[in-house]
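Engineer: Could you build all of it, start to finish, from the sequences and the hints given here?
What follows is the residue order along each chain.
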Amino acid sequence: LTNSIDLGLNLLDHQLLDAESRRCGKVDDLVLEGGPGEELELVAILCGPGVWRGRAGLIGRAAAWLGGGRRVRIPWDDVAEVGSHVKLHKRAAELGLGRGDDRVRPYLEKIPGSDR
Amino acid sequence: MKIFQVALGILAAIGGFVDIGDLVFNVSAGATFGYQLLWVVVIGVVGIVVYSEMCGRVAAVSGKAVFDAVRERVGFKAGLAALISAQVVNLMTLTAEVGGVAICLQLLSGLPYRWLIVIAGIALLVVVWVTAFEWIERIFGYGGLCLLVFAVAAVKLHPEWGAVGHGFVPHVSTESPLLYAYFAVGLLGAAMTPYEVYFYSSGGVEERWGPKDLGLNRVNAMIGYGLGGFLSFALMITGGALFLERGIEPEFLGSITLGAEVPLGQVGLLLALVGILFAVGGAAIDTLFSGAYNLAQFLGWEWGRYRHPRGAPRFTVTWFVLLVLALGLVMTGVDPVQLTEYAVIFSAVALPLTYIPIFLVANDRTYMREYTNGRLANVLGLFYLVVIMIVAVTAIPLLILTNVGQN
Numbered sequence: 001l002t003n004s005i006d007l008g009l010n011l012l013d014h015q016l017l018d019a020e021s022r023r024c025g026k027v028d029d030l031v032l033e034g035g036p037g038e039e040l041e042l043v044a045i046l047c048g049p050g051v052w053r054g055r056a057g058l059i060g061r062a063a064a065w066l067g068g069g070r071r072v073r074i075p076w077d078d079v080a081e082v083g084s085h086v087k088l089h090k091r092a093a094e095l096g097l098g099r100g101d102d103r104v105r106p107y108l109e110k111i112p113g114s115d116r
Numbered sequence: 001m002k003i004f005q006v007a008l009g010i011l012a013a014i015g016g017f018v019d020i021g022d023l024v025f026n027v028s029a030g031a032t033f034g035y036q037l038l039w040v041v042v043i044g045v046v047g048i049v050v051y052s053e054m055c056g057r058v059a060a061v062s063g064k065a066v067f068d069a070v071r072e073r074v075g076f077k078a079g080l081a082a083l084i085s086a087q088v089v090n091l092m093t094l095t096a097e098v099g100g101v102a103i104c105l106q107l108l109s110g111l112p113y114r115w116l117i118v119i120a121g122i123a124l125l126v127v128v129w130v131t132a133f134e135w136i137e138r139i140f141g142y143g144g145l146c147l148l149v150f151a152v153a154a155v156k157l158h159p160e161w162g163a164v165g166h167g168f169v170p171h172v173s174t175e176s177p178l179l180y181a182y183f184a185v186g187l188l189g190a191a192m193t194p195y196e197v198y199f200y201s202s203g204g205v206e207e208r209w210g211p212k213d214l215g216l217n218r219v220n221a222m223i224g225y226g227l228g229g230f231l232s233f234a235l236m237i238t239g240g241a242l243f244l245e246r247g248i249e250p251e252f253l254g255s256i257t258l259g260a261e262v263p264l265g266q267v268g269l270l271l272a273l274v275g276i277l278f279a280v281g282g283a284a285i286d287t288l289f290s291g292a293y294n295l296a297q298f299l300g301w302e303w304g305r306y307r308h309p310r311g312a313p314r315f316t317v318t319w320f321v322l323l324v325l326a327l328g329l330v331m332t333g334v335d336p337v338q339l340t341e342y343a344v345i346f347s348a349v350a351l352p353l354t355y356i357p358i359f360l361v362a363n364d365r366t367y368m369r370e371y372t373n374g375r376l377a378n379v380l381g382l383f384y385l386v387v388i389m390i391v392a393v394t395a396i397p398l399l400i401l402t403n404v405g406q407n
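So the sequence lines, in the order shown, correspond to chains X and G. First residue of the first sequence: 1, per our numbering; consecutive thereafter. First residue of the second sequence: 1, per our numbering; consecutive thereafter.
Since the hints were made in silico from the structure, they are not lab data. Please note that the accuracy of each hint is not assured.
Now the stretches of chain G that chain X is said to cover, found in silico as 3 or more residues with beta-carbon under 8 Å [said to hold, decoys possible]:
| # | stretch |
| --- | --- |
| 1 | 60 to 72 |
| 2 | 242 to 250 |
| 3 | 299 to 311 |
| 4 | 314 to 327 |
BS3-like, lysine-lysine: derived pairs with alpha carbons at most 30 Å apart [unchecked claim]:
| # | chain 1 | residue 1 | chain 2 | residue 2 |
| --- | --- | --- | --- | --- |
| 5 | G | LYS2 | G | LYS156 |
| 6 | X | LYS110 | X | LYS90 |
| 7 | X | LYS90 | G | LYS2 |
| 8 | G | LYS2 | X | LYS87 |
Just a few of them, taken from the derived set where beta-carbon distance is under 10 Å, the chain G residues facing chain X [as the list claims (entries may be wrong)]:
| # | residue |
| --- | --- |
| 9 | TRP129 |
| 10 | VAL130 |
| 11 | ALA296 |
| 12 | ASP364 |
| 13 | THR366 |
| 14 | TYR367 |
| 15 | ILE396 |
Model, not experiment: these values are computed from the prediction. Ideal Cβ positions, reconstructed from N, Cα and C, are used throughout, including at glycine.
Structural biologist: Here it is as structure tokens:
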């Protein structure tokens, strides 16, 4: 990791990739800790429809409702690399990410030709 | 061998350039103003070359497709607005293209239109599910090359070449300036349709382009789209030489084929129909995937047409749902040609939301390293940002003032 990144530009809203380079969500929000006068520390990434509620007014709330409102907290320690994409140390399933894809997959697998 | 492959790719790109929006706007512009608007097509084609090169370069260097870049640069809120408008316009375009496929099938077979909508839908579904994706692009691209019949037809119709040449010189019509402006906006919107860059940049990411592919990207964008623009000239010239001369309004997709049938007979008609079928069918598939790309990229889902459907489940479900929605909309009996006009004009409104973030990312050193825009790309890029802003602001008022190009 480089020592300085612009959180708003180089981290927020970027693609998350798990340990197997699977796309598993976006950096929907960041959790910073530290009171006034203290050093702010980035402690986690938030991901999931539940986070959109606070980010885009009425349509954000509608989108969160449509998406089921789940939110996942990824500790900053699980982040392996911040480059073009944000790479994670663990697999998506371990972190509770990419569940939508996992839920739909079994249905698609029943259709012939889905693995070509 | 590599040159051979590049050449095949370019041929497919030429055949895939024209969609229902280009067909409708180029021929109607020719039928209304003769060759006077040819210069606008040049501006539109150069615009799509500039921005597809930029998107391809961003994809190659940073691995980001358009809606990754949109969300990262403008944030969740503005990005969501961009996504919603892009998806609405994209669904309209998809519906128009699917309707166009059904019309072509009807003209070729004579069977009832509604049946053919269902057949078109099943055919698209089977092609997308069964065929490997590099082949889909080629089959439809090569089939679309049948549209070159319009280039032969344009020559055979013996247009006044002096007037054609004059059409390439920028000028403004004084007789009906509003209608002229409406067609200018439509031609720009049709040439610079955003789904083309969604599709192009996502394809670059999927094919794992890297900096070594930047030459290929440039050649694809310049020659593929550049020569594709050549087909637009041919369509407008047939519009001017045949439709304007004889006072025909090309209100139906079928009447566009007259441009080839009158000078070249049955063979011309058949080639034109097959060409339109493949061009519009290919565009239907491009728009279908563009809709799924955009949503998946915005939300960070797994995506890709080179993946097995099981490798990108929500992406697969998205394009399937979009296809069903489009078929339902065509079934309502909406006229694909009219819908095309609205789709092109609304897409003109949404253009800045797509192109501004791309321009910003292409200039960002943290992503692009030494591959940021050069001076030429920036001068042209800025010029086109101004052009699309003017287009975006004037599109809807012109639509209303000219009564969708009717007066």
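Engineer: So, for every hint listed, does it hold in this structure?
Structural biologist: Here is what the structure says about each hint:
no. : hint                 : result
1   : 60 to 72             : holds (count 6)
2   : 242 to 250           : violated (count 0)
3   : 299 to 311           : holds (count 8)
4   : 314 to 327           : holds (count 3)
5   : G/LYS2 <-> G/LYS156  : 36 Å, violated
6   : X/LYS110 <-> X/LYS90 : 28 Å, holds
7   : X/LYS90 <-> G/LYS2   : 39 Å, violated
8   : G/LYS2 <-> X/LYS87   : 34 Å, violated
9   : TRP129               : 6 Å, holds
10  : VAL130               : 6 Å, holds
11  : ALA296               : 8 Å, holds
12  : ASP364               : 8 Å, holds
13  : THR366               : 6 Å, holds
14  : TYR367               : 6 Å, holds
15  : ILE396               : 21 Å, violated
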